[in-house]
Amino acid sequence: MKKLLLSTALCASFATGAFAQEGEPIRVGILHSLSGTMAISETTLRDAMLMLIEQQNEAGGLLGRPLEAVVVDPASDWPRFAELARELIAGDGVAAVFGCWTSVSRKSVLPVFEELNSILFYPVQYEGQESQRNVFYTGAAPNQQAIPAVDYLLAEGVERFYLAGTDYVYPRTTNQILEAYLLAQGVAQEDIIVNYTPFGHSDWQTIVAEIAAFGSTGRQAAVVSTINGDANVPFYNELAAQGISAEDIPVIAFSVGEEELAGIDTAPLVGHLAAWNYFMSVDTPENDAFIDAWHTYIGSDERVTNDPMEAHYIGFNMWVDAVEAAGTTDADAVIDALVGVAVPNLTGGLSSMGANHHITKPVLIGEIQDDGQFEVVWETSGLVLGDEWSDFLPESAPLISDWRAPLSCGNFNVETGTCGGSE
Amino acid sequence: MLLRLMTLCLALLLPSLASAQTLDELVGQLPDGNYNDRAALVTRIAATGDPRAASVLDALLEGELEQRTADGRIVRVTGSRNNETAVDVLTGEELGTVARRSTESIRVNNSLRRQIRTALGVLTLRDPDPARRLAAAEAALRSPDADQLDPLTEALEAEQNSTIRTALERARAATLLGTDAPIDARLAAIITLADAPAMTVQSALNAHRADADPQIAAAVAAAIAAAERRQAVWSQAQNLWFGLSLGSVLLLAAIGLAITFGVMGVINLAHGELVMLGAYTTYAVQQVFRAYAPDMLGWSLAVAVPVAFLLVGAVGVAIERGIVRHLYGRPLETLLATWGVSLILQQLVRTLFGPTNREVGTPDWMSGAFQLGEMTVTWSRVSIVVFALFVFFGLLLLMRYSAFGLQMRAVTQNRPMAANLGIRTGYVDALTFGLGAGIAGLAGVALSQIDNVSPNLGQSYIIDSFLVVVFGGVGNLWGTFAAALSLGIANKFLEPWAGAVLGKILILIFIILFIQKRPRGLFPQRGRAAEG
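Here the protein sequences line up with chains F and C, keeping their order. Counted the way the numbering used here counts, the first sequence spans residues 1 to 423. Counted the way the numbering used here counts, the second sequence spans residues 424 to 955.
Looking at chain F on its own, in the form it has when it is part of the complex (with noise of 0.2 Å):
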């Protein structure tokens, strides 16, 4: 009878194994720019997603068939994101579509998988605002990274605030929550002081004696961080010329990853810090295999992991749970299988999606080391749900998404009681 049932066991695994290659392949949309400005954050994105579904097929592909990548490139263009995004769900007919980073690639693509319903995995930090039927958001909201790092601050006894952004919609849109909550907070209106430069600003002498200068009046002052992309190592750099260590001021970023940092020596910047869902430092079994098999893949022990690899991890393995939950590709299917998918993540957790299609994450204070890594300070004890409305602007605050059946709605107003939002 036991060796009935092994001989079955092994023909099944034995099926699963040979013959997922027999079917129609799924195919599998990744649109990150690999050329361009955008290309230094993206192109590694692309290549964590390779690795997954080379996993994947190793493991014997999804629903018996093999998966197959679809890579077009971007080239960090707003209207082509548009362009190829129709082109990866109409033309390659991909089963749903993984990609982009900043905000405006994200909201050029909406209308096409709106139209042509699909799916789309987000795996970066933004600003909130927004959920989408056909989004998944795995990247953090802002009360995933933004407040609970200025909650950190504030529990380290930092009286003063200078935030610090590029001016963009990710920053002001996020500067502007933090403002309201750090009046709400008891910080005064002269105690905070947003600055914004233009994209890849690289003079930065007079905004950093500018900090200097509101940082020396005896309280404790910090920095917080929205400067995207390639403008952040003059800055890091003028920090360090200038002698401001991060126990003087520290400076909290939320778009200075693992990935940001290879890029400086990051002797003087010790000690400055991050907010993260991830990090690569962070000790679990699981962010070691997930760390040796990325190094296995690219071929060099050099290359990082940062947060947006994880959250394309936790997305794909989500869809891959939902498409099996549901036993098809099939959008609609997937979408309503996906709210309430829960996988691991690399920290030790369970993520699992909310009905508002935003996921369930820790939030981490790392601080940069020696080695261009950082070092988790502090973390929040449970996992927090993305909050695709902030509560603290006056306009989202009565807004709530839930994209389960009855309600089925982005933008619901609990104050109204209808959906479509606060107009």
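I should point out that these hints are in silico values taken from the structure, not numbers from a laboratory. There could be a bad hint or two in this list.
Here are some, though not all, of the chain F residues that point toward chain C, as calculated from beta-carbon distances under 10 Å [unchecked claim]: (1) Leu34; (2) Thr37; (3) Thr43; (4) Pro198; (5) Ala241; (6) Glu247; (7) Gln369; (8) Val376.
A virtual CB, placed ideally from N, CA and C, is assigned to each residue, including glycine.
Given the structure of chain F, go ahead and fit chain C onto it with the hints provided.
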């Protein structure tokens, strides 16, 4: 009698009982509790007077203190990620390599680090190393605490070094101000502090603005107001310096373009990418140094300068011979072709070196800063200003006094005549373009010190470079010089009140209006060359 003796005994015993916890016990408690508990332990560890306390705190400060999960021993772990060795922090016993996840690190954060530094400060005030004494005095100034007063006074008496003496005096004054010392002593303390840099004055005195004693409060307010006045004057000097240093970056980026565009009239949109190649050359040279002569790393920039000039110059010659020379007199096509070249170069570098930033180290002599009055001047900026001037005047001399410079001017002013005189104009064209490209490569070496070394590096400078050349007057090197410095300075005076974004827009509007009024820029070419 017996009773009195007993009380005396108790009184003698009590303090020693309170601090009876030995260093070993205190260190054993470090892993427990939160940051606040750890901060309390740090103070008590420093108070034990144990000679090992400083090294324990040092290890904690460096984040190297860890607890072995197996036996709870506190060890100091050093080494790289996969090759860590442990030493017992109390006995100094070597414990060999540690396996992953066999130790739990004792976390420190910024506020705890500040406290450790203060605690260490008291322990290292008499350290033989002057740098550590200075650090200790500065730490004491940053967080004044009445307990420090006696050690500070003692250290001050023993100190010979005048810089450290000043730091100690200020630290002592800041500490004294917070105690209930006699009013004269506190007023004297304010006077001692008032001479310090304005930022120190503010951070040390702000807390005493609302002192209970009106005399103290008035003296504090006066000292802060004086410091603010000093700072206001110095901030103008600071803006000027920042402007000069931004201007010299612009000058470096634009000067190569002043040759290719200014002198030759080629609209070279790949100029930024030539700068980027110079930066990558610096990176490559440093990698070679790291591999073969790690002790000589400080010299890598000196080697990178000629290498970048020759390499990028060669790329320039190749571009001129391969593409640009076929398109002379057709500016639109040149523009498109060089833009294509810029995209090709970008993607080439991205494929070869990867899309992420590369780290270019700063040699020791270029890092750090010094204090000039109320402003902080960083060595890297000083070096770039000097380097930019050196490149500019070198180029000027080359143009004016060398045979090649003469031929170059002859060819650009009157090509047929120059050809008739036996100058190989094609050869001169190639070399001129190569010279412009080589100088772009030099700019790349300098920019690698302050900006990202990424494939996008060039894009952020190409627009600024054209602005500078057009504003200065096409074909005039002095015009480029004046334009770069004045744009830099204007930018830095605008930035404090207009913000970086608006400042940039204002400058752009100004240049557009200026070009409307004077299409040939600040210093227009005159005479026959202007018509050519």
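Status of the hints after comparison with the structure:
Hint status for leucine 34/F: holds, given a least beta-carbon distance of 8 Å to chain C, under 10 Å. Contact between threonine 37/F and chain C, as hinted, is supported at the beta carbon level, the nearest pair being about 5 Å apart and thus within 10 Å. For threonine 43/F, the interface hint holds, since its Cβ comes within 10 Å of a Cβ in chain C; the closest pair sits about 5 Å apart. With 10 Å as the threshold, the beta carbon of proline 198/F comes within range of chain C, its nearest partner Cβ sitting at about 5 Å, so the hint holds.
With its C-beta approaching chain C no nearer than about 4 Å, alanine 241/F sits inside the 10 Å limit, and its interface hint holds. The criterion of a C-beta within 10 Å of any C-beta in chain C is met by glutamate 247/F, whose closest approach is roughly 5 Å, and the hint holds. For glutamine 369/F, the shortest C-beta to C-beta distance to chain C is roughly 7 Å, which falls under 10 Å, so the interface hint holds. With a least beta-carbon distance of about 8 Å to chain C, the hint placing valine 376/F at the interface is held under the 10 Å criterion.
In summary, this structure violates none of the numbered hints.
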